[in-house]
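Novice: Sequences listed follow chains A and B, in order.
Just so we're aligned, residue 1 is where the first sequence starts under the working numbering, counting upward by one.
Just so we're aligned, residue 1001 is where the second sequence starts under the working numbering, counting upward by one.
Be aware that one or more of the hints could be misleading.
Not the full set, but computed from the structure, chain A residues with beta-carbon under 10 Å of chain B [to be verified]: (1) Asp25; (2) Glu72; (3) Ser91; (4) Val107; (5) Leu127.
Examples of chain B residues lying across from chain A (beta carbon under 7 Å, computed) [said to hold, decoys possible]: (6) Ser1066; (7) Val1077; (8) Ser1080; (9) Pro1090; (10) Ser1091; (11) Val1095; (12) Thr1097; (13) Val1107; (14) Val1129; (15) Glu1131.
Hints were generated in silico from the structure; no laboratory data involved.
Remember, predicted model here, so these are calculated numbers, not experimental data.
Note that the Cβ used here is the ideal one computed from N, Cα and C, for glycine as well.
There are 2 protein chains.
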Amino acid sequence: MSATTRHETTIEADPSLPTVTVTRDFAAPPERVFRAWTDPELIVRWLGPKDTPMRLQQWDARTGGSYRYTAERDGEVVASFYGSFHEVRPSLRLVQTFTFEGVPDGVSMDIISFDDLGGGRTRVTCLSVLESIEGRDAMLASGMETGVIEGYEALDELLAAG
Amino acid sequence: MSATTRHETTIEADPSLPTVTVTRDFAAPPERVFRAWTDPELIVRWLGPKDTPMRLQQWDARTGGSYRYTAERDGEVVASFYGSFHEVRPSLRLVQTFTFEGVPDGVSMDIISFDDLGGGRTRVTCLSVLESIEGRDAMLASGMETGVIEGYEALDELLAAG
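Chain A on its own, in the form it takes in the complex:
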């Protein structure tokens, strides 16, 4: 599998649990993929939809740290997000919280695992846990799919560029 292979993004919503599981393989070893998730200079180059670049106000990717960022379109802030880094376990696992400020009472806990597939490949599994099935369904209905898929495609390119 080469870096130019299109990878499939799987988004699964458990019918009976308030969770979403996103699974995606990347053509780079866990250390590099993990770094793209935690380094403030790299995360801004791929996360989220293509037409709304993110701008970091705060990004402290260590256990007990926190983050805040905005998404901008044509130079205007269209959305703000914040959360905490509950756990940063290098090259293996991230546990983060996440709130979109447009839904101030909404919050998800995201458990992101980086599994070494060998041969310079990594499977990233992001399990988002919400407080209710309704909250989960609202998150799915918000159009997260486009942002996830476009972001992961940008990450493919970033990883291929080295």
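For this one, chain A is given, so just place chain B on it according to the hints.
Specialist: Using the frame of chain A, we list chain B on its own:
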């Protein structure tokens, strides 16, 4: 209702969701109850089982802050815990993450609401969300009930003392 009335602690585990809901009334207004949950000098006076006092290594109760504490018995550390304060909304709501280091992959997200019942009374509802029903059941089986009930009784006394 006076501060000396015994209050009932309700612990509910949803059969179909990976959640635990603990509900408890306190004989003090939300501002005071919230402060007992966030002030480092107060939290150590009530949280957890009576025979294992807690010692804070870190306690930064603001949105984006974090905490770490140990439980000690006869001067020896018997358990360690850490987490983040995702959101601190004064007198209304706390969203925290929580890991018992004895189960390093276990994590819960706790959404704590402080509802003003009037007449100087507050209902505290703590919704813990875990990633799986199995994780939730393990938390219940760990004996959390004793710690919650004894802690809340200590908090009653703290609030009654003013």
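Novice: All hints are to be evaluated individually against the structure, with a verdict given for each.
Specialist: Hints, one by one, checked against the model:
| no. | hint | result |
| --- | --- | --- |
| 1 | Asp25 | violated, 22 Å |
| 2 | Glu72 | violated, 21 Å |
| 3 | Ser91 | violated, 16 Å |
| 4 | Val107 | holds, 6 Å |
| 5 | Leu127 | holds, 6 Å |
| 6 | Ser1066 | holds, 3 Å |
| 7 | Val1077 | violated, 19 Å |
| 8 | Ser1080 | violated, 13 Å |
| 9 | Pro1090 | violated, 14 Å |
| 10 | Ser1091 | violated, 16 Å |
| 11 | Val1095 | holds, 6 Å |
| 12 | Thr1097 | holds, 4 Å |
| 13 | Val1107 | holds, 6 Å |
| 14 | Val1129 | holds, 5 Å |
| 15 | Glu1131 | holds, 5 Å |
Hints 1, 2, 3, 7, 8, 9 and 10, counting from the list given before, are not met by this structure.
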